[in-house]
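Take the sequences, apply the hints, and build the full model.
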Amino acid sequence: MQGSSTNKNPASSPSARTGVALGVMALLWGLSWPAMKTCVTLAPPLWLAVLRFALGGATLFIVLLFRGGITLPKRSDLPIVFSVGGLQMMAFTALGLVAMQHTDAGRAALLAYTTPLWGTLLAWLFMGQRPGRRQVMALCVGLSGIVLICSPIGMDWSRPGALQANFMLLAAAMCWSVVIVHVRHHKWTSSPLALAPWQMLLATIVLSVLAWVKEGPPSHIVWSGELAGLLLFIGPLATSVCFVISCEFGRRVSTFSMSSITLAVPVIGLLASMVFLHEVMTPVLGIGLVFIIAGGVLSAWAARTPARAGRRVSAGMVRPVALTPNMLGPEL
Numbered sequence: 001m002q003g004s005s006t007n008k009n010p011a012s013s014p015s016a017r018t019g020v021a022l023g024v025m026a027l028l029w030g031l032s033w034p035a036m037k038t039c040v041t042l043a044p045p046l047w048l049a050v051l052r053f054a055l056g057g058a059t060l061f062i063v064l065l066f067r068g069g070i071t072l073p074k075r076s077d078l079p080i081v082f083s084v085g086g087l088q089m090m091a092f093t094a095l096g097l098v099a100m101q102h103t104d105a106g107r108a109a110l111l112a113y114t115t116p117l118w119g120t121l122l123a124w125l126f127m128g129q130r131p132g133r134r135q136v137m138a139l140c141v142g143l144s145g146i147v148l149i150c151s152p153i154g155m156d157w158s159r160p161g162a163l164q165a166n167f168m169l170l171a172a173a174m175c176w177s178v179v180i181v182h183v184r185h186h187k188w189t190s191s192p193l194a195l196a197p198w199q200m201l202l203a204t205i206v207l208s209v210l211a212w213v214k215e216g217p218p219s220h221i222v223w224s225g226e227l228a229g230l231l232l233f234i235g236p237l238a239t240s241v242c243f244v245i246s247c248e249f250g251r252r253v254s255t256f257s258m259s260s261i262t263l264a265v266p267v268i269g270l271l272a273s274m275v276f277l278h279e280v281m282t283p284v285l286g287i288g289l290v291f292i293i294a295g296g297v298l299s300a301w302a303a304r305t306p307a308r309a310g311r312r313v314s315a316g317m318v319r320p321v322a323l324t325p326n327m328l329g330p331e332l
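Each residue of the sequence shown is one higher than the last, beginning at 1 in UniProt numbering.
Everything labelled a hint here was simulated from the structure, so no lab data went into it.
Restraint-style ranges between C-beta atoms, simulated for each label pair:
id: 1; residue 1: Ser-13; residue 2: Trp-157; range: 48 to 56 Å
id: 2; residue 1: Trp-223; residue 2: Ser-76; range: 37 to 45 Å
id: 3; residue 1: Trp-157; residue 2: Leu-72; range: 44 to 52 Å
id: 4; residue 1: Ile-205; residue 2: Phe-167; range: 25 to 33 Å
id: 5; residue 1: Ile-205; residue 2: Ser-76; range: 18 to 26 Å
id: 6; residue 1: Gly-128; residue 2: Leu-42; range: 41 to 49 Å
id: 7; residue 1: Gln-101; residue 2: Gly-128; range: 34 to 42 Å
id: 8; residue 1: Lys-187; residue 2: Val-147; range: 34 to 42 Å
id: 9; residue 1: Met-127; residue 2: Arg-251; range: 21 to 29 Å
id: 10; residue 1: Leu-277; residue 2: Ser-144; range: 23 to 31 Å
id: 11; residue 1: Val-275; residue 2: Phe-66; range: 32 to 40 Å
Here the structure is a predicted model, which is why all the values come from computation and not from measurement.
Even glycine gets a Cβ: it sits at the ideal position worked out from N, Cα and C.
See the structure below:
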């Protein structure tokens, strides 16, 4: 009897382990925002992006080596290598780090995670997926939060670089949305985990060229224990380990559950920035946070329910893509 009760321990069940793993992933991703904000005060942003993906890619190459070997991407997977490596990794990270020179980490995390909203617009404009009432509601709620945060009452427009930084963060979110749509429709030959280090290698090479042109050689970076520790956190941990967790455990939960977990990231980032960087959450930012998170949850809910509402879906309509802020492949 004792052995039977031990086997039924909820803490050791697969679902519990999945929940813990994804919770750790969201926590690490959230904490990476104040970490990156601190980093941009210690080193140039583009070189930080280079170091992040160089460390992250090297870590994943080692992981793959111990898990059975490294394989070159197949020709059919090259589009997704360039899409994820160029837009999500290179453009998203570079825009985010440059923007954080001029804005708070909490605000940056919040605006960067508006991807489901832009994904709905992309699916509507370029894929002919007319949004339903729930998706229109999600879009209106989320965009209201963005407008509020970026309005003159939500930020100081006279602060140098602040307005441009907010637009850069929204552009980063749009880049991520393009990748999400591509990921959902790509016919995978290799696994996302097998392709990830190559995508990071691509981002590292292109970012190195951009950093050299824009910021000069990295010889002027002043190294310290603090910078090294932060780079180890945002590279191997918040990038590589989180990617492995998302690949291994993210496919075991529904799209709606993964969306809800991922939307916890900007909340954690905002709260962590208040604790570690002493940032202040104004009433306007708080209201905007609620609107944007609500818009993201509604967007995921809308993508979850159309098949159940078959009476209202005409024969010619396509089921909306579940546009969520992750890049784990078509099974989510």
